[in-house]
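Take these sequences, add in the hints, and give me the full structure.
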Amino acid sequence: MAILVLGSFSAFSQRKMKGGDAATAGMVRIPAGIYHPFLKANNKTVSVKIHSFYLDAHAVTNAEFLDFVKANPQWTRSKVSRLFADENYLKQWAGDFNIGNDRVLNSPVTNVSWFAAESYAKWMGKRLPTMEEWEYAANSAPVNAPKGEKLSTMILGWYSRPTPAVLPPVESTFKNGFGVYDMHGLIWEWVYDFNSIITGGDSRSAGALDKQFYCAAGSLNAVNKEDYASFMRFAFRESLKANYTVANLGFRCATDVDQK
Amino acid sequence: MKVTNQVKALNVLLFSMFFAGVLLLQGCFSTPASDNDSGKNLGRLAGEYTATLTSAPEVPPSKPWLKKPEKVIVNIEVIEKTMKLANGTDYTYWTFNGTAPGPFIRVQEGDEVEVHLSNDPFNKMPHNIDFHAATGPGGGAEASLTAPGHTSVFSFRALRPGLFIYHCAAAPVGMHIANGMYGLILVEPRGGLKPVNKEFYIVQSEFYTKGANGDTGLQEFDLDKAIKEQPEYVVFDGSVGALTGNNAMHARVGDKVRLFVGNAGPNLTSSFHVIGEIFDNVYQEGGSIVNHDVQTTLIPAGGATIVEFTCKVPGTYTIVDHSIFRAFNQGAIAQIVVSGDENPNIYSGKTKDTLYYPDNSKNIEVPGKISQR
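If you're matching them up, the sequences are chains G and Y in order.
Quick note on my numbering: the first sequence kicks off at 1 and runs consecutively.
Quick note on my numbering: the second sequence kicks off at 1001 and runs consecutively.
In case anyone wonders, no lab produced these hints; they're calculated from the structure.
Be aware that one or more of the hints could be misleading.
Derived pair list, reagent style EDC-like, types lysine to aspartate or glutamate, alpha-carbon separation capped at 16 Å [said to hold, decoys possible]:
1. Y:Lys-1067 <-> Y:Glu-1109
2. Y:Lys-1256 <-> Y:Glu-1308
3. Y:Lys-1256 <-> Y:Glu-1277
4. G:Lys-150 <-> Y:Glu-1308
5. Y:Lys-1081 <-> Y:Asp-1255
6. Y:Lys-1225 <-> G:Glu-132
7. G:Lys-49 <-> G:Glu-132
8. Y:Lys-1084 <-> Y:Asp-1255
9. G:Lys-150 <-> Y:Asp-1224
10. Y:Lys-1071 <-> Y:Asp-1120
11. G:Lys-91 <-> Y:Asp-1120
12. Y:Lys-1194 <-> Y:Glu-1308
13. G:Lys-122 <-> G:Asp-227
14. Y:Lys-1210 <-> G:Glu-149
15. Y:Lys-1194 <-> Y:Asp-1255
Right, dumping it as structure tokens:
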């Protein structure tokens, strides 16, 4: 897959970087820290050191993605290869270069495949966040969280409400402690290594032999069995392939912090 | 990512090798309890049809004329939607085919059940399906994990007859069941069950809402209550009142009634009872042992039972979980209205009402029969 991806990008126009500030406009610097994955490895809680990185303050919007498609017409609905995006790719748009509904210009773009998200990130001179980075950045409570309410409880509340007919705009839910918006409660988001967790599709297997290290949702391996919100994110990622597109699935980009 | 893909592929490979080995062993030493167990003697499929699916409390008709195993196609769509849980109280259900419980599926022993599981594009969650009637890893759960906007297909042989639960097993399982993702599949013995006059489909389940029982508006799932096994609602067929009043089931005096009853849980065991009837037959736990003359039968969470009784006296018969506070405080009530002629030889109704004095010296009779109804 990596070879395919590289091959498909060679023809892209790359945006010129205009120096540090412009490159990270609209991004938030996430400080370095320790992330404890939701899953144990070899029956031990894991600590992962996360280096400081920049993360988009909000998910990529329909309007932003339209710019990308205009600059890279091979990513239009009519031209995209089925290898890189399934039939529902950008289904909510009226046409190749026409979103068709002004109300969603500033809403997150959804129905985009991993390949499309990855290409967009490259075009912007960025990359997709890794799962560890994403989870680390997402594990910060909203700045205006009701006192005493757990983050996972708030997330479950989101799933208890039906999908709105029109997806709300970005920055319409909450800002978390890092200053990042909508990590929960608006859409699911692609991460670079979305398929690095293997559960076998059945959430109850406790991780047989060869699966032990990878088994995600096998509840015996969970650090916190009450963290249902994490179970759901891992189950969701497990159900995806890189060319899948889903009506509630979008993405945001990340970049490294220059180590000068 | 390349590495992990390889690991994934390796997993699949190892797994299929293991599975093939198991099949091989069974093939060699084939002395199973049933001829069908090895899958060898199942015979060729005689034909193919798409299953008729019904919503509770309806049950699809049997097909006793099908003497050989068929391929039965079962189309199920997962829909997440807000529906009424009780008067004034809504809940966002996750459903098979838009109802909780999901559709009733009726096949015969030896049939190949081909499941097409579609996940509505606007759903938020991935879903799958675990058939307790299936023999294979996860009961199909592994094979059927489906992202929103996709369809998964897998098939299994219905090796054993009985009444079985199916449910979603995507992480976190408890929440998927608590939100309404369950139903029943009946695997009839070849030729079908003995015909009766009425068949009904009932599934008991619990709902764990953030608000207390009776709180109005859209209620969210409450994880803490689910873990503590303290539901706000215990219901038959997905909501309070789904089988009472105008929604009650109906039968006539003389009818033989068969209830297919599942208990989806997710937590509680049901003490299933029909007030004013004694079960002629109880297929214990939905299996092959038939017990007679039973008042109350246990149904484990993730289990089912078939009960049969004969309507002899007209009236309204109330079905309860006889863990009785669940019935009268949390909603676990259903009704069968039996119409027809009275039968005073079996049940008189009230024949007398007298004043009562504890010293027993001055009983005064109130004249005239007072009918109960």
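Problem - Distance restraint between Lys-1225 of chain Y and Glu-132 of chain G, which requires alpha-carbon spacing of 16 Å or less - result: Between Lys-1225 of chain Y and Glu-132 of chain G the Cα gap is close to 30 Å, so the pair fails against 16 Å, i.e. violated.
Handout entry: Hint consistency between Lys-1194 of chain Y and Glu-1308 of chain Y [alpha-carbon to alpha-carbon, up to 16 Å]
Key = 11 Å, holds
Exercise for the section: For the pair supplied as a hint, Lys-1071 of chain Y and Asp-1120 of chain Y, confirm whether the alpha-carbon distance does not exceed 16 Å. Expected result: 25 Å, violated
Handout entry: Restraint check for Lys-1194 of chain Y with Asp-1255 of chain Y, where alpha carbons must lie at most 16 Å apart
Key = Distance of about 14 Å is within 16 Å: holds.
Exercise for the section: Compare the distance between the alpha carbons of Lys-150 of chain G and Glu-1308 of chain Y with 16 Å, and conclude whether the hinted pair is satisfied. Expected result: 48 Å, violated
Problem - Given pair status - Asp-1120 of chain Y, Lys-91 of chain G, alpha carbons within 16 Å - result: With Cα atoms ~14 Å apart, Lys-91 of chain G and Asp-1120 of chain Y stay inside 16 Å; holds.
Practice task
Sort out whether Glu-1109 of chain Y lies within 16 Å of Lys-1067 of chain Y, counting only the CA atoms.
Solution key: Given pair Lys-1067 of chain Y, Glu-1109 of chain Y holds - Cα atoms ~10 Å apart, limit 16 Å.
Problem - Restraint status (C-alpha distance of Lys-49 of chain G to Glu-132 of chain G at most 16 Å) - result: 9 Å, holds
Exercise for the section: Would you mind confirming whether the straight-line C-alpha gap from Lys-1084 of chain Y to Asp-1255 of chain Y stays at or under 16 Å? Expected result: 32 Å, violated
Handout entry: Restraint check for Lys-150 of chain G with Asp-1224 of chain Y, where alpha carbons must lie at most 16 Å apart
Key = Distance of about 12 Å is within 16 Å: holds.
Problem - Hint consistency between Lys-122 of chain G and Asp-227 of chain G [alpha-carbon to alpha-carbon, up to 16 Å] - result: 33 Å, violated
Exercise for the section: Compare the distance between the alpha carbons of Lys-1081 of chain Y and Asp-1255 of chain Y with 16 Å, and conclude whether the hinted pair is satisfied. Expected result: Between Lys-1081 of chain Y and Asp-1255 of chain Y the Cα gap is close to 37 Å, so the pair fails against 16 Å, i.e. violated.
The structure fails to meet hints 4, 5, 6, 8, 10, 13 from the earlier list, while all remaining hints are met.
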